[in-house]
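Colleague: According to the working numbering, the stretch in the sequence shown is residues 959 to 1316, in order.
Where hints are given, some of them may not hold.
When the alpha-carbon atoms are kept at most 25 Å apart in a straight line, the in silico PhoX-like pairs for lysine-lysine are as follows [what the hints assert, rightly or not]: (1) LYS1122 to LYS1176; (2) LYS1106 to LYS1259; (3) LYS1106 to LYS1058; (4) LYS1074 to LYS1122; (5) LYS1099 to LYS1180; (6) LYS1099 to LYS1122; (7) LYS1099 to LYS1029; (8) LYS1034 to LYS1058; (9) LYS1180 to LYS1034; (10) LYS1122 to LYS1180; (11) LYS1073 to LYS1180; (12) LYS1073 to LYS1034; (13) LYS1034 to LYS1259.
Because the hints were derived from the structure by calculation, they are not lab data.
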Amino acid sequence: MKYIKKCALISTAGIIFSGCSARIDDIGYYDRNDEKCVVSADEVYSVLSDSMNNYENVTEYDGNLGMETVKEAMLKIRHDYPDLFWLDSYVLTESNGSSKLELNPMNNYSSEELKKMHRELINAADSLISEMPSGLDDYGKILYVHDKLVLGTDYDKIGAQSGKSGLWGTAYGCLVQGNAVCQGYAEAFQYIMNLLEIECGVCTGESINGSHAWNYVKLNGKYYWLDVTWDDPDFGGEIDTPVIHSYFLIDDEHLKRTRGIDSECYYLPECYSMDDNYYMRNGTYLSNYNSNEVAEILSNKSAQRRAEIMFANSAAYDMAMTDLFENGKIWELTDEMSSAESVTYTNDDTMCMLIIEY
């Protein structure tokens, strides 16, 4: 259907945070059949990214944009510039073959306020990187940033339930305020990876807990999934342990146990490897349950008095849970276990993950 108005044609779109992730909703009409000069998404991306980096909110174009072009440009900007955190909504006005795109900053922040906040974000990221131990390879850098974000961020349950956008859904909320939902964790992680020149992006989808955002990252020529939010015990609120690594560098099969992926994500890599997975790298990924192998892991981790173990499948995991805890085998595995006054464990049935603290 074609809508015709004598006045300027106006379309609007807003970035809305629903639960934990972002989506773009369109409102309004425009004429798709107009044969006038059409501005490409790449042109819009170039002009708009320069404008946002200069804290300017209005850009004008000699030609028609259309909302699909704007959406494509916005998607690329959000992918390439996770530090440009303040975009809340925008209005597109088209009239007589020209277009004007007006951005509405979050909380109506002024250009001076945005410049100051952007500098705070840059400084926070630089500070985190400067504290990183020297000599780390890319795996070590990814692990360091993952753990620092978990330890330095409180999951914002109120923001997640608000159904609207806020700083809690941005890299600023995560890195500067230490308060974020999944979009904030994911954009903060991507921003720092960008600074470290490690390929990374944000993906969204519908998880078992609702709408969600997480990351992909490229390491040693292969892509992996990583979910900082779900590795933060503060997200669940019931686990008394500092950091979890259930979602640290996992493949498609492990990721899709808990979520589906939006088809409109900017880039969807194929993540087929577990070679650099946290448990693989630490020798605690077990293809089958064997009490002697668990005992060896516990002995190797005796200095920390804490061991994270992942099983390759639910059959091995179920066998371990039954033998170790229902049958009491855990007390017989090592001298430390037999003399321990108490043993606590945290488990994840879906990811076949087990943390034993003793």
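Colleague: It remains to establish, for every hint, whether it holds in the given structure.
Modeller: Against the structure, the hints come out as follows:
1. LYS1122 to LYS1176: Outside the cut-off at roughly 31 Å; violated.
2. LYS1106 to LYS1259: Satisfied, since the Cα-Cα distance of roughly 21 Å is no more than 25 Å.
3. LYS1106 to LYS1058: Answer violated: LYS1106 to LYS1058 is near 41 Å, above 25 Å.
4. LYS1074 to LYS1122: holds, 24 Å
5. LYS1099 to LYS1180: holds, 16 Å
6. LYS1099 to LYS1122: violated, 33 Å
7. LYS1099 to LYS1029: The given pair, whose Cα atoms are some 33 Å apart, is violated under the 25 Å limit.
8. LYS1034 to LYS1058: holds, 19 Å
9. LYS1180 to LYS1034: Satisfied, since the Cα-Cα distance of roughly 22 Å is no more than 25 Å.
10. LYS1122 to LYS1180: violated, 35 Å
11. LYS1073 to LYS1180: Outside the cut-off at roughly 36 Å; violated.
12. LYS1073 to LYS1034: holds, 22 Å
13. LYS1034 to LYS1259: violated, 44 Å
Hints 1, 3, 6, 7, 10, 11, 13 from the list above are not met by this structure, while the remaining hints are.
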